[in-house]
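*Asks:* Sequence:
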Amino acid sequence: MSSPQTQAPAAHAALAMAATPPPSSGALIARLLTALAIIAALIGAGALALDWEPRLLPIRVVKVDGEMHGLSRESLKQTIGEHIDGGILTQDLVALQQRVEDLPWIHRASVRRVWPDRLVFSVSEHEAMAQWGDNGLVTKDGIVFRPRDGRLPAGLVRLDGADAMASEVVARYRRWHPKLAELGLIIDAVVRNARGDWTLTLLGGTELYLGTDDIEARFQRLLAAYPQVEAIGIPTRIDLRYTNGFAVRWVPRADARPERVAANISRERS
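Take the sequence shown: its letter number 134 is residue 920 in this note's numbering, and every next letter is one higher.
Simulated from the structure, these hints should not be mistaken for laboratory data. Any given hint could turn out to be false.
Straight-line Cα separation of at most 35 Å, DSBU-like style, residue types lysine-lysine; simulated pairs [as the list claims (entries may be wrong)]: (1) K926 <-> K849; (2) K965 <-> K863; (3) K926 <-> K965; (4) K849 <-> K863.
Modelling step: build the complete structure from the supplied sequences, incorporating the hints.
*Replies:* Here it is as structure tokens:
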């Protein structure tokens, strides 16, 4: 049991604490103003750092890695440079990457900082398999893109249709091309129009009309009958939109009489 002497200091401390007055309203306001001043100073310092950082630590070099054919490397660097708005520490790399991936030829892009003043981009381009319509290109996966400069590679097969149907048009072309090649025929164009009709044009100008229904069955009918068609003459038009047969128009022979040519124009084969 503690003595009165040992309890005295504790009692005095309690009395001293109880005697300490709470902060006045003026003191509280002073503390608040001090805190606000510190916050404002930090914000000001941050704004000053953001303003000066691009000048103190500028991005001086942009490097682009990756194989490029459709888009000029220098053109890509220029586009990137036009959208740089920070220094090596503050530049928004996600925004820059998105800008690059929005370019028509670019498939994927990534970017990283290299201290002290360099950005390194790695890019991969779309690989155009065919021309799409009048001003576009399409990949083997059915991705349609349109170069901003309007330049299209020469020598590509032409595919056409609604952009949403690109995958189907590409798939049919890739399926039909080798089968026709076995007959010595090369596809120059495949078109699926707004009504759903399929038309093929071969090198040399021969047109093949497959219609909208039973497309694959009609195509197989063409493969089976083409050697006989070719044995008669050079076809300019083969219409397979019949239930059990097709109609053929041949190139008129130089020695054919007019009535003979007219008969060939509408000849139907079963």
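*Asks:* Next step is simple, just say for each hint if it's right about the structure.
*Replies:* The hints, checked one at a time:
1. For a cut-off of 35 Å, the pair hint linking K926 to K849 stands: about 29 Å separates their Cα positions.
2. Between K965 and K863 the alpha-carbon distance is near 44 Å, which puts this suggested pair outside the 35 Å criterion.
3. With a C-alpha separation of about 18 Å, the suggested pair K926 and K965 falls inside the 35 Å cut-off, and the hint holds.
4. With a C-alpha separation of about 8 Å, the suggested pairing of K849 with K863 holds against the 35 Å cut-off.
This entry does not satisfy hint 2, going by the numbered hints stated previously; all others are met.
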